[in-house]
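Once you have looked at the hints, place chains B, C and D on chain A.
Number of protein chains: 4
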Amino acid sequence: MSSTFGTLLRVTTFGESHCKGVGAILDGVPSRLPLSESDIQPQLDRRRPGQSRLTTDRQEADQVTILSGVENGLTLGTPIGLFVANKDQIPGDYQTMQDIPRPSHADYTYQMKYGIRASSGGGRSSARETIGRVAAGAIAEKFLHELFGIDIVAWVSAVGQIESSAIDAETLTRDTVDHFSVRCPHEETAGRMEKLILQLKEEGDSIGGVVSCVCRNAPVGLGEPVFDKLEAKLAQAMMSIPATKGFEIGSGFSGTRMKGSIHNDPFAQAGDGLMPSQNNSGGTLGGISSGASILFRVAFKPPATIKLPQETVDFTGAPAVLEAKGRHDPCVVPRAVPIVESMAALVLGDLVLRQKMRG
Amino acid sequence: MSSTFGTLLRVTTFGESHCKGVGAILDGVPSRLPLSESDIQPQLDRRRPGQSRLTTDRQEADQVTILSGVENGLTLGTPIGLFVANKDQIPGDYQTMQDIPRPSHADYTYQMKYGIRASSGGGRSSARETIGRVAAGAIAEKFLHELFGIDIVAWVSAVGQIESSAIDAETLTRDTVDHFSVRCPHEETAGRMEKLILQLKEEGDSIGGVVSCVCRNAPVGLGEPVFDKLEAKLAQAMMSIPATKGFEIGSGFSGTRMKGSIHNDPFAQAGDGLMPSQNNSGGTLGGISSGASILFRVAFKPPATIKLPQETVDFTGAPAVLEAKGRHDPCVVPRAVPIVESMAALVLGDLVLRQKMRG
Amino acid sequence: MSSTFGTLLRVTTFGESHCKGVGAILDGVPSRLPLSESDIQPQLDRRRPGQSRLTTDRQEADQVTILSGVENGLTLGTPIGLFVANKDQIPGDYQTMQDIPRPSHADYTYQMKYGIRASSGGGRSSARETIGRVAAGAIAEKFLHELFGIDIVAWVSAVGQIESSAIDAETLTRDTVDHFSVRCPHEETAGRMEKLILQLKEEGDSIGGVVSCVCRNAPVGLGEPVFDKLEAKLAQAMMSIPATKGFEIGSGFSGTRMKGSIHNDPFAQAGDGLMPSQNNSGGTLGGISSGASILFRVAFKPPATIKLPQETVDFTGAPAVLEAKGRHDPCVVPRAVPIVESMAALVLGDLVLRQKMRG
Amino acid sequence: MSSTFGTLLRVTTFGESHCKGVGAILDGVPSRLPLSESDIQPQLDRRRPGQSRLTTDRQEADQVTILSGVENGLTLGTPIGLFVANKDQIPGDYQTMQDIPRPSHADYTYQMKYGIRASSGGGRSSARETIGRVAAGAIAEKFLHELFGIDIVAWVSAVGQIESSAIDAETLTRDTVDHFSVRCPHEETAGRMEKLILQLKEEGDSIGGVVSCVCRNAPVGLGEPVFDKLEAKLAQAMMSIPATKGFEIGSGFSGTRMKGSIHNDPFAQAGDGLMPSQNNSGGTLGGISSGASILFRVAFKPPATIKLPQETVDFTGAPAVLEAKGRHDPCVVPRAVPIVESMAALVLGDLVLRQKMRG
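Heads up: the protein sequence lines correspond to chains A, B, C and D, in order. Per our numbering, the very first residue in the first sequence carries number 341; after that it's consecutive. Per our numbering, the very first residue in the second sequence carries number 341; after that it's consecutive. Per our numbering, the very first residue in the third sequence carries number 341; after that it's consecutive. Per our numbering, the very first residue in the fourth sequence carries number 341; after that it's consecutive.
A hint or two may mislead.
[Said to hold, decoys possible] Pairs of lysine to any residue residues, derived as SDA-like cross-links and limited to a Cα-Cα distance of at most 25 Å, are as follows:
{"#": "1", "chain 1": "A", "residue 1": "Lys482", "chain 2": "A", "residue 2": "Ile456"}
{"#": "2", "chain 1": "D", "residue 1": "Lys360", "chain 2": "B", "residue 2": "Glu528"}
{"#": "3", "chain 1": "C", "residue 1": "Lys599", "chain 2": "D", "residue 2": "Pro370"}
{"#": "4", "chain 1": "D", "residue 1": "Lys696", "chain 2": "C", "residue 2": "Gln451"}
{"#": "5", "chain 1": "A", "residue 1": "Lys696", "chain 2": "D", "residue 2": "Pro370"}
{"#": "6", "chain 1": "A", "residue 1": "Lys482", "chain 2": "D", "residue 2": "Pro370"}
{"#": "7", "chain 1": "C", "residue 1": "Lys360", "chain 2": "A", "residue 2": "Ser376"}
{"#": "8", "chain 1": "C", "residue 1": "Lys696", "chain 2": "B", "residue 2": "Ala425"}
{"#": "9", "chain 1": "A", "residue 1": "Lys696", "chain 2": "C", "residue 2": "Gln451"}
{"#": "10", "chain 1": "A", "residue 1": "Lys427", "chain 2": "C", "residue 2": "Asn426"}
{"#": "11", "chain 1": "B", "residue 1": "Lys427", "chain 2": "D", "residue 2": "Lys696"}
{"#": "12", "chain 1": "A", "residue 1": "Lys599", "chain 2": "B", "residue 2": "Glu528"}
{"#": "13", "chain 1": "D", "residue 1": "Lys599", "chain 2": "C", "residue 2": "Pro649"}
Because the hints were derived from the structure by calculation, they are not lab data.
For reference, chain A alone in the conformation it holds in the complex (with noise of 0.2 Å):
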């Protein structure tokens, strides 16, 4: 296990789907910002099941606690504890899947790696495990914000084939995104999307799906050339998320098959410093955060988890036929949004605070 990220802003996390509790501590925060589980728990609300018919049906209300760090409002610069107490518990759901390791899922790996594992829900493995992400994000979003005027922003881009057409990352907001149950926002594709989903739900199967990021106002200078590049830990942020397959920043894999003389970025005059002209490089160049917004794309496949009866073999290698009970989502993205947010806002925190320290 490696629970712990970051240089100076460092989020450790904690808990599995079915102990006690989940959350995390988040040690480097500067102190003297105001404070409070109000600022916390909203980023809890997008992430938590049950929000919409598009989720699982699984109610977790997923009260934050502040257990320490804080007083009277303001953070004191010391560790930030975080807890989410767990709920709706039914580990009956569970029990097909002891024997079975559901296919594309961590119960196979888990249990060769540890020699055991969580008796249901996928233990570490769970989306749970990103509630303590989530809390942590949010508090370095508001550092990021209050202190340097930063914003982040996510939403879905893409439901298997169904893409959404242009959104304008330089002005969309949240309130935009969450407009549309989906968080796609663009209201004809978020239709469309969401008449997929629930097909999918209905018949028991899941599917993929794209969350695309902007970072605005980031500064000049952040990024830690050459192995912490912003890019590299932003990457590596992302690919930490469950369900993760494949992160792109700026062109992506389609600047692959582009020319240097499109692809590159001229700059151009702004205020009493350059900025790229266009952005191709989506905010970074060598590594290091260009004034540009931070524009990148985080690849999320269909959950494992599926109704449908699968062909596969049980632990002892026999065939076996699974079919998973429990309620699963039928595609993350929607409630990747707030995850992707804050893993982003972790890795800007961090970067912002080892920037800081020079000139």
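Same frame as chain A, now just chains B, C and D:
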């Protein structure tokens, strides 16, 4: 700067393109491993410029010296110092670029972050920085192969819009890959790719591409959830290579368009364990290696330094036209092949050591 | 703040003396270890205030809850969350000290570093912060003992000018140590120490002391030269405990007065290996455990918070007389015994895991 | 092996006593600092053998080369490579010691941990390993002095039973220290120390000693509680130096014998802040620098390699008499002075950068 990577197997690189030389310290290599410069040099030779008409005409021998950590042909378990002297420098090539930051290059961000930058060549953002990685990676590869039987092979799977048809990753060898200058192991495709690259070189333009990579025979259990998942560390490693814009594992972005019932990899019996019977997951489940081949792809943008005139501004913001001089690669992917292999080896080497301490 | 310690076994502590509670996350514990709160509580009980007349009268039950990482009495290999709620708070005790920084206390430096500090009790500089360490250390001790047979016993070897005569560290048990309130396992000396402490408590003054510690049965090979030598990590661990002023291993400062011909520990045959025939080295050679018992000593200053009036200045620089209220320990060493043991266990636990990956 | 130290200012050392050379990579040095080899060489000259009759007769020029990170006399903010070639090797000196592990030396533990060891000289446990630290520390010292006005001076305060009378640490300079070969800045004491060392050299024996160190003008606020407290990182740094057995800060072990009412350092007004009016605390409160001088002492044991015959056993356990050949120091403390200074500079350099990122 953050020039160190890894937890138990730790590489630290140093060197600009135009100082005394470049190199790396690799700490944590198991003791009593037979090792000499001749184990390292071949990968450096595959990385060096001037190998074929497809790459820059710059000639660098890039001869490695082992400075420490080896005695009588055996590793001592102590840090291995690796050094490659710099030679073929033509500083004059870079004079124009002193005043005009190259579009989509790190000139601007290095200057802004550090208030200074190497007078030529890109400094630490130069491809030359990867020499230390390749030398260290060659050592990691050697112990991965000798102690665990792990094989790593990368190849060029796309140049611009030309994509290779399916390659059998289970049997591919480096010899086959190196049979073609462009390192795409498919004759007809390789021919078209080479033609395209030569044409762009002629035009003073550049083009992007994709490097694919397979790691075979990795044992089950590598990867440290939640933040050091196998795919998360691979993503960080790959996105720390200059000019990368994207990373995907297994089905990657194409997996986002699939249903779970299709995407899921059912298990089958294999020896005295299980094995996924298809490999959309790309060899990892829940961030832990499953025993299946680890398969990933890395997107490289077109090189930023091109001879074609570019309309941009200089550091003062005044309009300027940049016509880069010097000798630059029209396409980096052929030379990126050993870099991708080396970074994969450094990731697996670290995770193998972190796993070995268990049970 | 830097609240995380360790490379493979990693503890992260959180909590002030007067927030919701204190605790720790311990990541990297081997899986399938039997574990319950009853394995942890005894060391917390040895640490808690109010155990005897020698300590503060403050009563705190310090009951630990395992939040995560354990199911059906076995560790899962996932991070173990540990929590102890805060209770017996009398904030009024600290009001005087709001304006006057206590001499030789962290009030001043916390205020200067963070621009804010916990309104009472010392916040993270409070002895209460060590609860998380002790809880985590108890788990480390358990696996060190069960998997490797390692034993750790600390005791009070000096209070003020009263030093215990020689203790046989090879056979000493915690029961023997705990037979005396002052935790010096020598009856006559313990009596004098207790009398001194009670006298100083009566006078409103305080006194320093020394805790000695032995770690028995550690295998040869623990310690990672050059910066994570066994004695270097022990020194960091011990000097991170509040109120410590010194650390020595083996002959320590007295060894500086010896000739090499006397100080050197000749080897003797032992089983199928060697063993030093005396132990001036304190169980480590070149930063690596030698198989001999690891022996070290930690200096604790007299507690800074005393009832006697002290002439000092307030935060504005104006002369002031401080008479601390509240209930404070006249001497920390009796309660420091389990803290020293726990930090030793966290160091050895980490080094055991880092070594296990070899050979 | 763990050859890297520091969080933002990170040193990685490499090299054995008998390979191509030794050195270090120092990453995180602020950019635009004037730097050349002549800033580094003086401390290496103070560390090298053969300086006076008090040290080994081995002659090594230990000339440093900067490999990277500097251009036109200014640092680039990139990793600084430092290299010193090995020269004066007489491998024959070490042949006896191949079969007989030196008592109180790392021969045995290296062999057991790694299953191999450098054929001569102690490999990474050799004093020669400290060259990289001294070179890197000289750079850290330079920016601590130029950017923050911090001064570091160490001196020999004891050799065997000879202790220097009080030294005024507030005004002591390196010139004064270097006025005496033994580096004890007190004429009469220095004379006696030198006589003792020469006598033991004559006898083929060795003797221990103590190095004291002061860091002046460190700003308030350095140190990262709880595990990276200033004294905790200093302790790790010092106890990682070969032959160290103890560390104490401020009153150290003598403070354990004092009452709080005497030990406590009252505050006084100083400029627009406060300052402790005495310094039993040694410049740190709660792990954070207080503005007072940082004062600490390091215990060095007598060198293990002596010419006097020692009755011990060989690697097979058979009785053997060891008479070490070669040229060894009879007392390490005079040459340890720049090593202690350098490690102090590396600790402060890192903590200064970690603190600078705050408000």
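Hints, verified against the model:
no.: 1; hint: A:Lys482 x A:Ile456; verdict: 38 Å, violated
no.: 2; hint: D:Lys360 x B:Glu528; verdict: 48 Å, violated
no.: 3; hint: C:Lys599 x D:Pro370; verdict: 44 Å, violated
no.: 4; hint: D:Lys696 x C:Gln451; verdict: 16 Å, holds
no.: 5; hint: A:Lys696 x D:Pro370; verdict: 12 Å, holds
no.: 6; hint: A:Lys482 x D:Pro370; verdict: 29 Å, violated
no.: 7; hint: C:Lys360 x A:Ser376; verdict: 14 Å, holds
no.: 8; hint: C:Lys696 x B:Ala425; verdict: 37 Å, violated
no.: 9; hint: A:Lys696 x C:Gln451; verdict: 21 Å, holds
no.: 10; hint: A:Lys427 x C:Asn426; verdict: 24 Å, holds
no.: 11; hint: B:Lys427 x D:Lys696; verdict: 38 Å, violated
no.: 12; hint: A:Lys599 x B:Glu528; verdict: 22 Å, holds
no.: 13; hint: D:Lys599 x C:Pro649; verdict: 14 Å, holds
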